[in-house]
Amino acid sequence: MIARLSPAERIGTVAVGAIALAWIVAAIARRDMFFDPVLFGLGSGAIIAALAIGLVVAFRASGVINFGHGAIATYVTYVYVSLVGTGQYPVPPLPNPLAPIEGIAGVEIVDFPTFIDLGDSMGKAPALLIALATAAALGLVAHFAIFRPLRYAPVLAKVIASVGIMLFLQAAVVLRFGARAKATEPIFPNDPVDILGARVGQDRLWVLGTVVVITVALWMLFRYTRFGIATRAGAENERFTTLLGFNADFQAGISWVMASVLAGLVGILVAPITGVTPNFFTVLLISSLGAALLGRMSSFVIAAAAGLMLGIVDQELFRLELEWGWIPDIGIRRALPFVVIALAMVIRGESLPSRGALTVERLPEAYSPRITRGRLIGYGALIAVAFWLTVFAPFQYRGGMQNSMIGVILALSLVVVTGYVGQISLMQMALAGIGAFSVASFGTQAGMPLFISLPLAVASGVGFGLIAAIPSLRTRGASLAIVTLASGLAMGEIFFSRPGWFGLDRGVKTTDPPTLFGIEFGPNSDFILGDGKIPTGGYGLVLLVVGALCCISVMRLRRSRLGEQMLAVRANERAAAAAGVNVAAIKLSAFAISSFFAALGGALIAFNLGTYGTDTFGIFASLTVLAFAYLGGISTVGGAITAGTLFSEGIGIVVTNEWVIDVGPYTAYVAGFFLIGTAVYNNEGIDGFQRRQFHQLGAWLGRRWRAARGGAARREPEGADV
Amino acid sequence: MSPKSPWRILTAVLLAFALVAAACGDDEEDAPAAPEPAPAAPAEEPAEEPMDEPEEPAEEAMEEPAEEPAEEAMEEPAEEPMEMAPLKIGLIAQVEELMAFPEVPAVAQAYVDYFNAEHGGADGHPLELVVCGAGDVPESHIACANEFVNADDVHVVINGGFLSNSIVSGTILAEAGKANLGLGNDFIDYLTPNLYNFDPGLPGLAQVFFVFAKAQRDVSTMSLFLADDPAIAPFEPALYDIGESNGITINETIYLGFEPDLTGPVSAADASNDGWLFVLADGAQCTAAANGAATVGYGGHIFGNDLCLSQDLVESGAVDGWSGPIVSSAPTIDGGAEIDEINRILDTYGGADVQTAGLAGWALAQVFIARDILIAGGGADANDESVLAALSTYSRSDIPGYPEVSCPGPDPWAGACNTSPLMVTIADGQMTAPDGFTFLDFSELNFLLG
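Protein chains in written order, with our numbering: chain D, 1 to 722; chain V, 723 to 1172.
Rather than coming from a laboratory, the hints here were simulated on the basis of the structure. Hints may contain errors.
[To be verified] Pairs of lysine to aspartate or glutamate, EDC-like flavour, derived with a Cα cap of 16 Å:
1. V:Lys936 x V:Asp996
2. D:Lys533 x V:Asp1157
3. V:Lys936 x V:Asp1163
4. D:Lys124 x D:Glu185
5. V:Lys936 x V:Glu897
6. V:Lys936 x V:Asp963
7. D:Lys533 x V:Asp875
8. V:Lys936 x V:Asp1120
9. D:Lys533 x V:Glu974
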């Protein structure tokens, strides 16, 4: 068998064997250091493995990497905890058609229940059944309402939809149950057992056993049953499977139910061991993604084994770091998921198996309007309104404009890399963080003037962006999304979370207000115009100028030869390459330009906040940026401007809070809902929708006008000589 | 144009607003039978009312100040004298997203109502709580801080921001000369001029475990478990020295990642040490740590930080036997008459679902302090300068559930106005405080300032 392997595979096999042998010898010599971590790692590993096989189930059936998988587990777990604790079942969010009237009028017309009282605290078995039924319902909704309509949609739309699910369900948990950690009584026996001198809780072994059973069951299901074979066949060639009489829709629906129930079951079984918070399983999903990717999102056994190995390796690293003090503290353990993902995606050099589905790529239009006189007048009016809002409007609107301008710049970074080149990047806020931390380090700490520190900060972001862009040369689609997500995680862990010159100072990072030629123009600096309240208009004016220049530059990029090449790569990389486009150079250029905007946005955030931590630039911040950019319209400058208005405490939010309803606690909730809707129904976002409506209105007016003129012309000849 | 498109638009818009209303819902019907969701659900009700009403008066204060007193008089007829203009207390309440403390505005409003009903407000004027809700993102805290800086009739702000959010908003308030009652956390909170905090924060945490462990539990050796979190890392050097100065030797430090099962790291610790100290970054870690400690059968004293002392975790029994710091004795069951009075006030004015867990005790004290400094600052004639001056020399020893507080704190920790956390011990799912407040000396941390 070894003779049939390639030389590289032979070397790999020998290496693995040598490592295994060395480990066995080490485990015999130092049981506490090499054997015990295996036992302890199996607990965490089983949890990671369970989430991973759930991801595989969903992907095999529908080609979707469900970033909302962890959120489903969280929501179902909270349902279970609520039923067991108080007998209360949370009412799923339902529309109240009178809500707009209630919000504007400030009256409550309809009392909307949030919980259904099912009596006193429920037993574990019925609570488990109800919670899993909820999971099944969530799976059905996810399939029928979201991913079935997206079957032929581009990968980006599916990624966005799953991110929307994550935001929506997480926010629903916070709104219904609060944000505090929950604990619940054990389900499995949890007395410790002694295994070769190491004490391990029985419940960890039960969880491990459950995961093994589920893995084997799924493997058998997909290998030996008609359903499983049909699902596998559908993944290869959906048309052929349909011709054979199998219902791909039914298979996908069942798989989504299985995936959701599995997620809920995992959450419920491990909650007594780990506790649960609203984002607990979402954070854990990063590791699970790595395990699932190692299994190429198709092998339950490999995904489960990889998940277990992740847990074991993590514990081994922990024990080695504890015992061997010479190992430098560079966050190896926390960067482990990134390492695994990089290994899975880059070194193996393979992307995820594509489904043989009937696909009709419906990419969002990268609209580039002709610059007419009318449009110039419109742009001028827009800038005039923005100027007035930024300088003369009441302070809350000024603050909103400042936040929106920064949001526009961040959204532009995604317009370039995702909208124009089709590369899904989930690390934008990490790159923004590079810019923010750099400008503080170079400017405030090292004392460099602004005209040096700011360019250095942006250059730092570009540098890191280019390094992180290397995987894009070998991966694409959802795979690239995951790699960039992990890259952002690694940047955060390695650079932001460590004290030191570049990192935090006593837990925070501080940036002095921007100063140029002795003039300070921070958000609270004096400014000659406006009403004197903070934030003053000076910083906003700078942001407006910078934002406008960024918008113009991206518009010019779109119309340039580079922009055309970007769109060509987005449409079809092979065709572009055949036409002589250097695809690798285009991708790297896109990431460089995107990183430029992201780092610039980060530096401006730093000036805006003054003092900040690491959470501002974390993974969830990156997902939120992507969400709003997509919502606004990810392929146009107009979309970026729209996205900017929707950003946290942006002008759109401020106006809504002031004039309609306070959306503060519900922002993520509503954003998740609209994100899903945008992905399913309108992948060009709000900007694209507005543009179509405007064109249709213009066309209708034109027809009416022509009809009126035509009618008048026909009346004239009656009195004329023919 | 597709004939269905306008209806889709309308449906989408209606659904969006409907989601907002649906997520809010009717909490009064559900709340009495729902202690678990109570921290979120009942807090939404009282928080929403002051958020909706006072936000408008705050704006009207800038645009139509003449209308304000009459409107508020009509809105609260039964609770305070109608003729006097209200004295406003601002509150930045972190009540949105993942790090939410809904008990803060709920308890603050209950105490405002209590003072108005039973003490005639403040100096004859009714008190009014102006709540600005904020989330995890610092931009929302900046927006709230700006709102209060720009409000001419708000002279004191209770700042309930957490971690870096508190310093972001606190700095703005302090630079504007607005009296700011902070929920301190990081070093910088206690070292920034005009920032005053009534919570020992992380500097206090760096000490209290060792002072308490030695004085009350006779611990001499300790294992330290630290969450690998940037907020905690700056205090690590302090922990060893402070331990030594209190006669406790930390002979090992174990860094905890975010692995879901902490049995492995806990098993690596020396079970012969007298005490184990967990400084964690997440409530879920507390459950995992407790499970790990139970699995390995550790028999010594276990200490944990305040994140492990949430109502749900305590009641679950997961942290039984643990000791940890809280700011106020309000949630304890053995605090005597003082605690009974707190519960009476909250039951009367906050409803059955306003709990004393979490930061509730801190919030009620802030209302006491805000009222005091508004009176000391001149009452109806108070301005930013006079109230800030009153805060900078504030001192009181009889705030319910609270130790003695005084500003400024010990030099150079001027912002440390409360350096005495309460170490509770969890027994049978409840908080007990048999050992009372632990009095700390912040000057022990001076070496960290370089």
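Here is how each hint holds up against the structure:
Proximity of lysine 936 of chain V to aspartate 996 of chain V is assessed by CA-CA distance (about 10 Å); at most 16 Å being required, the pair is judged to hold. This hinted pair does not check out: lysine 533 of chain D and aspartate 1157 of chain V have alpha carbons roughly 49 Å apart, beyond 16 Å. For a cut-off of 16 Å, the pair hint linking lysine 936 of chain V to aspartate 1163 of chain V stands: about 15 Å separates their Cα positions. Note on lysine 124 of chain D and glutamate 185 of chain D: the hinted pairing holds, with a Cα-Cα distance of about 9 Å set against a maximum of 16 Å.
Annotation: proposed proximity of lysine 936 of chain V to glutamate 897 of chain V is violated, straight-line Cα distance about 40 Å (limit 16 Å). For the hint linking lysine 936 of chain V to aspartate 963 of chain V, the alpha-carbon distance of about 14 Å falls within 16 Å, and the restraint holds. Distance restraint check for lysine 533 of chain D and aspartate 875 of chain V: the Cα-Cα separation of roughly 14 Å lies within the 16 Å cut-off, and the hinted pair is therefore satisfied. Simply put, lysine 936 of chain V and aspartate 1120 of chain V have alpha-carbon atoms about 27 Å apart, too far for the 16 Å limit, and the pair is violated.
Simply put, lysine 533 of chain D and glutamate 974 of chain V have alpha-carbon atoms about 52 Å apart, too far for the 16 Å limit, and the pair is violated.
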